[in-house]
Amino acid sequence: MTSVCIRVAGANGDGVESSGAMLIKVVSRDGLHVFAYRGFQSIIRGGHVWNQVRIGDEKLYSHGEGIDVLIALNQDAIKNQKSHLNKGAAVIYDPDKVDAKELEGKYRLVGIPLLDIAVKVSGDPIMRNVVAIGAALKIVGIDLDVFNDVIKSMFTRKGEKIVDENVKSAEMGYNHAKAEKLFDLKGDGRSRYTMDGNTALSIGAYASDCKFYAAYPMTPASGILHWFAAHENKGVLFKQTEDELAAINMAIGASNAGVRSMCGTSGGGFALMTEALGFAGMIEAPLVVVESQRTGPSTGLPTKTEQGDILFVMHASQGEYPKIVVAPRSVEESFKIAVDAFNLADRYQCPVIIVMDLYISEHIESVDGFPLDSVKIDRGKITAKQGDGKFKRYEFTADGVSPRAFPGTPGTEFIAPSDEHDEYGNLVSDAFSGIDEYVEIRRKMQEKRMKKIETMLERESVFAPEVENPNAEHFLVTFGSTTGPAKEAVEILNGNGGKFGLISFSYLMPMDKGKAKKILEGKKLIDVECNYTGQLAYVIMANTGIDIEKKILKYDGEPFTGEEIAEKAIALIK
Amino acid sequence: MEAKQEAKQRQNYSSGVKPIWCPGCGDFGVNAAITKALTELNIERNNVMIVSGIGCSSAMPQVYSTYGVHSLHGRLVPVATGAKLANHGLTVIGTGGDGDGYGIGGGHLVHAARRNINITYIIMDNETYGLTTGQTSPTALMGHKTKSTPFGVIEMPINPMALAISAGATYAARGFSGDPMHLAELIKGGIAHRGFALIDVFSPCVTFNHDNTYEWFRPRIYKLEKENHDYTDISKAMDKAFEDMRTNYEKVPIGLFYKVERPTYEDLDIALRDGPLIKQAGHTKEQILEVIEENR
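Here the protein sequences line up with chains A and B, keeping their order. In my numbering, each number is its position in the first sequence, counted from 1, plus 29. In my numbering, each number is its position in the second sequence, counted from 1, plus 5.
Derived from the structure by calculation, the hints contain no laboratory data. None of the values given here were measured: they were computed from a predicted structure. Virtual Cβ for every residue (Gly too), placed ideally from N, Cα, C. Among these hints, one or two may not hold up.
Unchecked claim - Only part of the chain B face toward chain A is listed, based on derived beta-carbon distances under 10 Å:
| no. | residue |
| --- | --- |
| 1 | Ile25 |
| 2 | Asn51 |
| 3 | Ile55 |
| 4 | Tyr69 |
| 5 | Leu81 |
| 6 | Leu90 |
| 7 | Gly112 |
| 8 | Leu146 |
| 9 | Met147 |
| 10 | Val158 |
| 11 | Asp274 |
| 12 | Asp279 |
| 13 | Ala286 |
| 14 | Thr289 |
| 15 | Glu299 |
The following block holds chain B by itself, in its conformation from the complex (with noise of 0.2 Å):
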């Protein structure tokens, strides 16, 4: 009895903080699903280590009672990747923003990728910065107009679909903050994956971006399952990863669009050989004397 209870109050993830976003915010979707799939993973709380960056979304640690670290703007990944690297015992996940994750560090996206880190890193894209209230972000489609953008977006909005996959992550899914429980499964994919997850998650803003809402989304997306994508094949993956812009958003697919088993940063880093680097034990006398040693 005891014992049951003990795992229940584990599994009670929320840490009662009320989160800051708007009625309707896209992001409340994406908790339900976070803490679906903790729940359903039976991870202890004390085991899972969230970490964002800056903006609307990255408030998201705050509403866990899980380890966590708001860090900075564009550096949730290299702070995410330091504490796998430390204790890789940990579940760490990533939660951000578009800006966040594909503009300011979108640098570091990449090489995580490229690392196949095993973190999972869910990118809550509402194509608009929030936060700042409302500036055009790197996913915004051509043609938005936002305050920082009055005559329209004239860049190309970033793949992050096929940009993760090209650098190697192992892992690509898209879900739709209105679909909570189909995104709970491609966190609970991510997270049960080994090596770098990247989950995109359609996660409207209902205040700063009036033109992708919910209502444009619904029609648009459909699920990769349903046409049964064969997630292993990564041309088919690329394939699909451009299918909204080249159908100019008639179609949307959300799903697993990419996966594969590759050894992890973790199993090939020869320090780690011992178990993670928090369980290792204190240089030995020995070992100092024979690093000075070197040196005559």
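Chain A extracted, bound-state conformation (with noise of 0.2 Å):
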């Protein structure tokens, strides 16, 4: 496999995003697989931006490490971003406002003046990204037709001088780095989609039938609620609302009266929302919750990636109650847990929390499409009939799952209590706890609800973490994001002589405790996670009693690489 780190940098309000997005779309319609990641601020203008646009001829799980092609848009970025650049890397700047003198002899040097040329071309300061665009093409051996038929498409309608315009300082920078193709990257020819976590896990929901998203904007999560407020006309309603406690309480609401509903924020909003994730345990609402993680604790870093919350998310309300708990792997499984993440909230009556962080909601990668047709709808046991105004809506059954009704229904009226409740949904609460009836009613209740976890052990087949290379000798084993780079540390290092295998986990509660200690059990195993204390080797020693010594954890706010975790665990094996 080959693959090249692109890196534009600047600073906000230089274009860096948009840049990076152009360079995105062009290389993923001529077949090559794409992964970006963004470095970025909270700040609307200046600071140091850059967009890595990761570009290989096989799948990639990673942003990659170092920097091959980098596009300096000023003298920032020559600073901050020398120290990544790899051996022989192209540094693409503009003489006329950048010194690179420093790296003269080390690196090659692609001097164009690219405001020159855009001012000439277009009269327009911010086209010298296209002309350093035009140049990096040249450089990683992507033709320029591919570049000119992604403009027309992206802009035709805008006019054809805006087309002609892009096009012209394009081959412009093109020409300029005539002599320095440095890679040969070649596409397979198959045009991909790309997009971010949000994006999928968004498209996911809407497949799975949401109608109702509830909001407060918040990083990394904001990507969804941008996503169903662009979708409104689309058949979805998208509420934001006065802050989180508002958003998912107007969810459970939503879900109690039939819609498939859902909300999102990350782990500050999380904590507003804690109060009512008990809540919908209690009056068993299906109910989708996104949890978005950032560096904490506190405001943290909020435009910095992290893994630290999944135990706060895991234990968030006070009581017991079932939950799912669920870290997509990849974007491509960010659509995939959307999907199921319905169909088990609504089978078992109860919420699933979806954990994602900046990495994966943010990342952009390229995407060859979703199996709709495996997209299956189960509601779960819901009540169609007209009843005769005694619907036990919480009636003790076998699986832990009672019928359920739409309001609006004839002769299923009910009440949904947050107290406790016997099987018609009448409190226990405030006149006959303590007594020995209603003492009998409580204990049967929470049996009931706590049966579903039971229940749903058996029925699926999920909460189990997934193997890959049983036989190898050590294991690395993580969850959610992470598990892209450490599956490419796993290539490193088996390309190495390497004899390693990947234990990865997307659910993480309820967990198969059987299961998962059948996988784990005598192996040598290396807990790779971006948080302080390790908590996933918490959860694991939890659910099966093995405790992995060896960790590799990141805490930093950024996020993995394969050749980084391929390091640190040759390290620790040593």
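Reconstruct the complex from the two isolated chains, following the hints.
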């Protein structure tokens, strides 16, 4: 496999984001694979931002290590990015604006009067980015025709002049870099979709007939909010709420009324949602909640990644009730998990929390497509027929799942109470608690709810980790977004004569203890997570008694790369 | 004959559950008024959703045979809003207390009002925290002594009518549970009104509030209708909203303070142009492919 990392770096407002987006579109149309990750801050103008676009001729699982081609849009880009340059890297810059002398002799300097060309071609200084992209394409071996096709489809509605200016600017850059071709990336000719995890998750929810999304803006979950807002004319209702308390309680109200509903936030917002999470557990309302983690504690690093919230999420809200916690391992899996989450929520009438993080929520990946034919919608036990006015919404059943009815249906009226209740939904809390008959009802009702955990473990096959290379000598153990980089680490390690395998979790709660133990037992394990304490290792120990002593932990806000994990794994097994 | 019986059955709004309220509690009067309003409006019980928070008055859904949610403290407004947005064919009524609505859930009230979501929110205002055995409330009057304010309240009370009107409520009324007939008319008006209706009800707590009793209210309250108050005039409505404070509670108006017609949230949300969400068909394969294709 060949892969190249192109990094566009500059200040907010320099068009770093849009340049990256243009590059991503061009290469994915050419049948190449993309994995892109942004470095940005909570600032609207200024600061130092970058967009790393990694391009490969095979599927990529991380944003890659180091920079092969740097597009330095300002002096800061040289200063902040030089330590990341790979051996033999090319640096595209504007000698009129940026001094790259310190890099002379060490890297291939491709100085092009970007601004001068841009102003001459279009009069628009921002077109300097397109000139630079043209040069970058030449360096990595991508044909200019591909670029021209993409530009036509992107800008035709903006007019021929815009198309011409873009084509001309790129061509000038391309020609300037004529002698600089360093790579020869060849795509398979298949045009792919490119999207981030938030988009894949939103599409999964949409395909599952989720019609209601409520949220308060919070990075890195806001992408889901923007997706639903943009599709309000396509059969979904999005409500921006006054706070996260309102977001989750609206979603619960809508779900109880019969509509598949979701809410989403990051850790801080989730903290506000926790009381209502138990409320959904108590009234047995199906509910999908997205928690996209960022670096904590507290406000932390709002634009950086971490996997530090899983224990918090797993134990959120007072008391005990069934809940499902799952962390998608890739952009593609975010779609599938959204689909499964709605079915699980309806089948077991409980909250399902999809734990994302900034890395998976916001990195862009090329995607072949989604298996729409495998999307089956299962609303669970719904009583469709008219009742006799004595509906046991919380009926004691063998599997713990009671029949549900949608408000509006005649004869199945019921009250959904946050207080403990009997089979009809009548309170046993205020007037009756402690009286023998009601002590018994409370015990049975708690057992009924908790029984659903046993039932789902019995009926569903998803609550155990997956193994790759089962006969390997050492195993990396991961969950969620760290799985991609770990997969790459395994490839690197085995390419150098190692015998490594991977054990990865998406579903974290409940856990099929027997299956998990069987998979993990007797193996040499290395826990890899983006947090300080090794929260997955803690969960594994609690469920299986297996204590993974070797750990690779990262909590500096940056996601792992495959190389980084491979290097640390080697050091650990020495 | 059979159809008539069925209609009668549907109008039987009582669940038969005995309420938890103390003898003489104001909430009995509110219960009677809500039942009268529903009966007169002839709404089938399966199309009614009563949502409460936590507190004595939030036990209201339990005594009804309609659909209902007994939600969390302070969260009845978002839960009711979610239910209404999912199925705006339902008549959604919020029932809670002053602590729930003006204290812990105060933020939601303001936003529900400006959204003009078509729900009727009845706040049983006893100016105290009853179920937690008598602490101060956001509507307690200055100087009022409670377990949490043994030296007297030193904060201004919330002004429910002024708050609701300034936040954008399109129906703002105040009733007295000692006059359930009058209150039933206000609730009927609120349910029939298209938009957010706040009905604040003086509902005395006979156990923990010995200042603001039925006897305290009776000589002070008067009905706005008798003064021919023009409830379409926002300035006059605001003027009336401050009359109790201005007169040091010598004159306490009840009745309809303000009413105006404005499109509801459901009228304006593009997602609801094809009817209630719950009745809308599922997303088709073509639609799903379309949203995927946007990412090429």
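Checked hints:
no. : hint   : in the structure
1   : Ile25  : holds (5 Å)
2   : Asn51  : holds (4 Å)
3   : Ile55  : holds (8 Å)
4   : Tyr69  : holds (8 Å)
5   : Leu81  : holds (9 Å)
6   : Leu90  : holds (6 Å)
7   : Gly112 : holds (6 Å)
8   : Leu146 : violated (28 Å)
9   : Met147 : violated (29 Å)
10  : Val158 : violated (26 Å)
11  : Asp274 : holds (6 Å)
12  : Asp279 : holds (8 Å)
13  : Ala286 : holds (8 Å)
14  : Thr289 : holds (9 Å)
15  : Glu299 : holds (9 Å)
When the structure is compared with the earlier hints, violations turn up for hints 8, 9 and 10 and for no others.
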